[in-house]
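Peer 1: Protein chains in written order, with UniProt numbering: chain A, 1 to 231; chain B, 1 to 786.
Each hint should be verified, as a subset may be incorrect.
[What the hints assert, rightly or not] Distance condition first, Cα-Cα at most 20 Å in a straight line; then the derived EDC-like pairs of lysine to aspartate or glutamate:
#1 B/Lys559 to B/Glu607
#2 B/Lys398 to A/Glu117
#3 B/Lys306 to A/Glu30
#4 B/Lys585 to B/Glu555
#5 B/Lys398 to A/Glu201
#6 B/Lys306 to A/Asp58
#7 B/Lys86 to B/Glu55
#8 B/Lys398 to A/Glu127
#9 B/Lys172 to B/Glu109
#10 B/Lys17 to A/Asp58
#11 B/Lys17 to A/Asp96
#12 B/Lys322 to A/Asp182
#13 B/Lys398 to A/Asp55
#14 B/Lys322 to A/Asp58
#15 B/Lys7 to A/Asp56
#16 B/Lys15 to A/Glu97
#17 B/Lys623 to B/Glu607
#18 B/Lys15 to A/Glu74
#19 B/Lys550 to B/Glu629
#20 B/Lys398 to A/Asp56
#21 B/Lys509 to B/Glu69
#22 B/Lys446 to B/Asp161
#23 B/Lys7 to A/Asp58
#24 B/Lys306 to A/Glu102
#25 B/Lys322 to A/Asp55
#26 B/Lys7 to A/Glu74
#27 B/Lys15 to A/Asp96
[As the list claims (entries may be wrong)] What follows is a set of in silico ranges between Cβ atoms, one per label pair, in the way DEER data are often shown:
#28 B/Glu401 to A/Ile67: 38 to 44 Å
#29 B/Phe6 to A/Ala124: 25 to 31 Å
#30 B/Ile729 to A/Ile19: 23 to 29 Å
#31 A/Val63 to B/Lys713: 42 to 48 Å
#32 B/Leu700 to A/His83: 36 to 42 Å
Quick caveat, the hints were computed from the structure, so don't treat them as lab data. Beta carbons are placed, not taken as given, at the ideal position from N, Cα and C, and that holds for glycine.
Listed here are the chains, written in short residue letters.
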Amino acid sequence: MITITDLEKYYATEEVRTIALNKLSFKVNEGEFVAIMGPSGCGKSTLLNILGLLDDPDGGSFVFNGIEVAGFNERKRADLRKHNIGFVFQSFNLIDELTVLENVELPLIYTGVKPAERKARVDAVLEKMQIMHRRKHFPQQLSGGQQQRVAVARAVVNNPKLILADEPTGNLDSSNGNEVMDLLTELNEAGTTIIMVTHSEHDAKYSHRIIRMLDGQKVTENVLSEYVSSK
Amino acid sequence: MIRNYFKIAWRNLWKNKGYSFINIFGLAIGITCASLILLWVEDEVNFDQAIPDKELVFAVPTNQKYDGEWRTFFQATPGPLAAVLKAEIPEITKSARKRDIGYLFNVGEKSVNSAGSFADKDLIDIFGLNFIAGNPKDAFKEKKSVIITQKIASIFFDKSDDAIGKNIQFDKKETFVITAVVKDFPENTSFTFDWLAPFENFTDGKEWTQGYGANFTDTFVKLAAGSDVEKVNEKVKAILPAKTGDAETEAILFSANDWHLRSKFENGKIDGGRIEYVRLFSFIALIILIIACINFMNLSTARSEKRANEVGMRKALGSGRKQLIFQFLTEAVLTAFISGIVSLLLLIALIPQFNLLIDKNLSLAITAPIHFLPIVIITLFCGIISGLYPAFYLSSFKPIEVLKGSRRQSGSASFTRKTLVVIQFSISIIFIISTLLVYQQVQHIKNRNLGMVKENLIEMPAANGDIIKNFKSIEQELTSSGLVESVALMNSQILSGGNNTSGIDWQGKTTDADILISIRTVTPQFFNTAGMVLKEGKGFTSSEAVDSTKVLISESFAKLMATDNVVGNTIDYNGQLLTINGVVKDFLYGDMYGTSDPVMFYHQAEEADYMYIKPAVGVEINKTLAAIESVLKTQNPGFPFEYRFVDEAFNERFKSEQLVENLSQIFAVLAIIISCLGLFGLSAFTAEQRRKEIGVRKVLGSSVLGIVKLLSKDFLVLVLLSILISVPISWYVMQNWLQGFAYRIDIKLWVFAIAGFSAVLIALITVSFQAIKAAIANPVKSLRTE
């Protein structure tokens, strides 16, 4: 599903040029659950942003579903993104002025789903995430765990092929954190590819494969459990 | 999608009530202000709209050359001109003369004073009179016919139809038959009259009205559709010189389109007029709107941090930039529409006050598209103008930066914000300075030494009734009562121009000097009554016969004679030799901003139009007025007691200046209020943003004053910068405005100092409110919530 080859990304200020990704290459298959680990500043988040089509690499190749997407302009990236990728962030990033229901509905609005179908899909996903009873609440009225469940619901409502999770449990206590990890595992078992950046060895154990990075490069890769491609 | 935008916009407005209030209220003030001005402008530009085919209708003033300079005169065409224009210029299809005059009207016991005109029949068609009763064709059939307006008809009759065929008495002497009743003129009409009667009633028996020697009447013409106005004007110009052989007096066409807005003539040509004020105020309305929009821009971008996450998330979820721009514009337009509704309420509340201020009778017809549409357009304009920059700015955020929280306030946005604050304050300070200078200038003119004493001087019409006939007894009775010091007659209003002539010669006058001298006929006590000073020689005696060959002249007339001792010299007035008996100090009449023409006074009661009364010193004015009324009841029976004070008449002359003064005060106050609202919001934002810093500083030992200084400093720098920008601009603008007045103030430095100081003070108060609030907050709280 994803193949990156010699991926490069620099951040330049007036005096220094920092290399965030240094000729990074790996592959992720459809249906896989991959954890990316490494110390702060090793390039994990930069990688996730590029994989999420929020940012553009400075060099190398990025093939998504068989299409070379490196060099896509903002509009093309946005189009690909909204149909294929869901995001889960450490700080949830829910929109404070929208209710739970409206937050989850937003991706469907941007992909042009009709209102009746929107309602059905939002209800289904809220039910699945067990937050149906909170659907009219605003984000500030929810606990952290509940907020992250809403964020996950929003990420999956469009049935994306890929979910990118950036430290999804970072702001949660352990029981809420485990709940979210269980949710992600469930989604993965149902066929969604998941790439997760994390600092937590505990969370990483939920994945099939851990890629460890340092200074923008892959250092090790350990396969934790057997993963059988559906194809 | 739109619903989603509105929803979030509404919730944002609701959640941030303080900022929303500033935005909505500021915009509402701006929209209200612009709407009021547009109402005024509408009234101004729609003047004389009641005249059919307005573009074909022209007044005919005359240009006369004096001392090498053309001067333009109204009600100053010779009697035969109207007929000649129609006969000799084929494009002119209608022409009429009109001479204004006031009469006491009587029907039975009822009487009322009326101002009307004797006119030729064509005037009915030229002005497009609207007949309610009577037949337009027969209206002027008989010489003693009169057309009256609805207003006059309603005084004497129950129904307009009842008036037809009834007699009406003019000054209790002549009887006219009412042949028609016409609709009253709209308020915004240049030439109005209560009645209209055939012109012959004025000219019959007056030989002097038949030739080209006397310029005494207004002339109006109507052209055929499609005429080339320039060409016709050239023909009109050629007529008088051809008839009289005098190339220095020519008639010109003056379009009805220009009567109200472009009536200022300079050297024989139109040189602006009220149109300048219309333009000025329209421009100012726009400026006020922009100041209000700036608040919205500044507060939106300042608070962008709060919206950044939303922008990032929406982008991550697939929103394009266009959709975000549209979303933020929707929010701005929604805010503007709420402001629009608020301003409608404000308008309804304020229009009566505004009418008082500008002396008009404007009203808002909210269901009429002509009023409704502009308000919607202004509102939309505000929404888009104020939303555009924030929309582009906010939608430019990069999702990864904002979602990771790595984005900082951009330098360019904060620079833009500061620039906008400087613009707001510069405009406000310009308004303050202008207001001060306009006020000074108006006061300057009002306090001008007129060469006479206008305070408490009573003026009343004297031409009709028995005032002139019984003047000696009136004077005697009033002065002997002890309530009145002196009484006098004059042939024109003391503040106005009147008859003048260039036909006076004196020894040493260079023959080609064509100098206009005003002629005033007065009774002996006039100078004492009006508080004028006799500089040399003697005044008039009590006998008109004794004084029949004597004149008094004004100081400026004496100066023309180029000899030191003019008393006793003779002058030649159209062949009549007159002796100069005395010289009075100059007094101001006509143009209150300029200098008046020299004057020659005769002793003569007969031609008087006005009576002047000087009350005795120390007597209550009401007692004096009551005494005058009772004397006139017996001496001038049947005529209502009407008077006014010359100082009130004087103040009336400054209506436009007063309007500018009043409006500029309002604008200055509004601009300052709106700017301060914005500053208040921005300082609240800054205080909020720097909460942690303030907390840390306080923990480290900073005093409250230190914090207040810290927070206020940045804003004060902006205000100081605004002062630097606004001073030269306002100096330049006001210097130009003052150039329009011959009698004007010098711009003093302290005006700028006061304006600058007030701006700093107001800004300081505004900012320090937030700064103090932030500074006295408990630092533990701000540090903990971080």
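Peer 1: Given the hint that lysine 398 of chain B pairs with aspartate 55 of chain A, does the C-alpha gap stay at or below 20 Å?
Peer 2: OK: lysine 398 of chain B and aspartate 55 of chain A at ~9 Å, within 20 Å.
Peer 1: Take a look at whether the Cβ-Cβ distance between phenylalanine 6 of chain B and alanine 124 of chain A falls inside 25 to 31 Å.
Peer 2: holds (27 Å)
Peer 1: Has the given pair, lysine 585 of chain B with glutamate 555 of chain B, been kept, meaning a C-alpha gap of at most 20 Å?
Peer 2: holds (5 Å)
Peer 1: Given a hinted range of 23 to 29 Å, is it respected by the beta-carbon distance of isoleucine 729 of chain B and isoleucine 19 of chain A?
Peer 2: Since the Cβ atoms of isoleucine 729 of chain B and isoleucine 19 of chain A sit about 53 Å apart, the hinted range of 23 to 29 Å is violated.
Peer 1: If you draw a straight line from the CA of lysine 398 of chain B to the CA of glutamate 201 of chain A, is it 20 Å or shorter?
Peer 2: violated (31 Å)
Peer 1: Holds or violated: are the alpha carbons of lysine 86 of chain B and glutamate 55 of chain B at most 20 Å from each other?
Peer 2: At roughly 18 Å apart (the allowed maximum being 20 Å), glutamate 55 of chain B and lysine 86 of chain B satisfy the hint.
Peer 1: Sort out whether aspartate 56 of chain A lies within 20 Å of lysine 398 of chain B, counting only the CA atoms.
Peer 2: Distance ~12 Å between lysine 398 of chain B and aspartate 56 of chain A Cα, so the pair holds.
Peer 1: Given the hinted pair lysine 306 of chain B and aspartate 58 of chain A, is their Cα-Cα distance within 20 Å?
Peer 2: violated (31 Å)
Peer 1: Verify the proposed pairing of lysine 172 of chain B with glutamate 109 of chain B, using a straight-line Cα cut of 20 Å.
Peer 2: Roughly 11 Å separates the two Cα atoms, so the pair holds.
Peer 1: Take a look at whether the Cβ-Cβ distance between leucine 700 of chain B and histidine 83 of chain A falls inside 36 to 42 Å.
Peer 2: Violated: the Cβ-Cβ distance is about 53 Å, outside 36 to 42 Å.
Peer 1: Below or equal to 20 Å on CA atoms is what counts here, so check lysine 322 of chain B against aspartate 182 of chain A.
Peer 2: violated (38 Å)
Peer 1: With a cut-off of 20 Å on the C-alpha distance, tell me whether lysine 15 of chain B and glutamate 74 of chain A pass.
Peer 2: violated (32 Å)
Hints 1, 2, 3, 5, 6, 8, 10, 12, 14, 15, 17, 18, 19, 22, 23, 26, 28, 30, 31, 32 from the list above are not met by this structure, while the remaining hints are.
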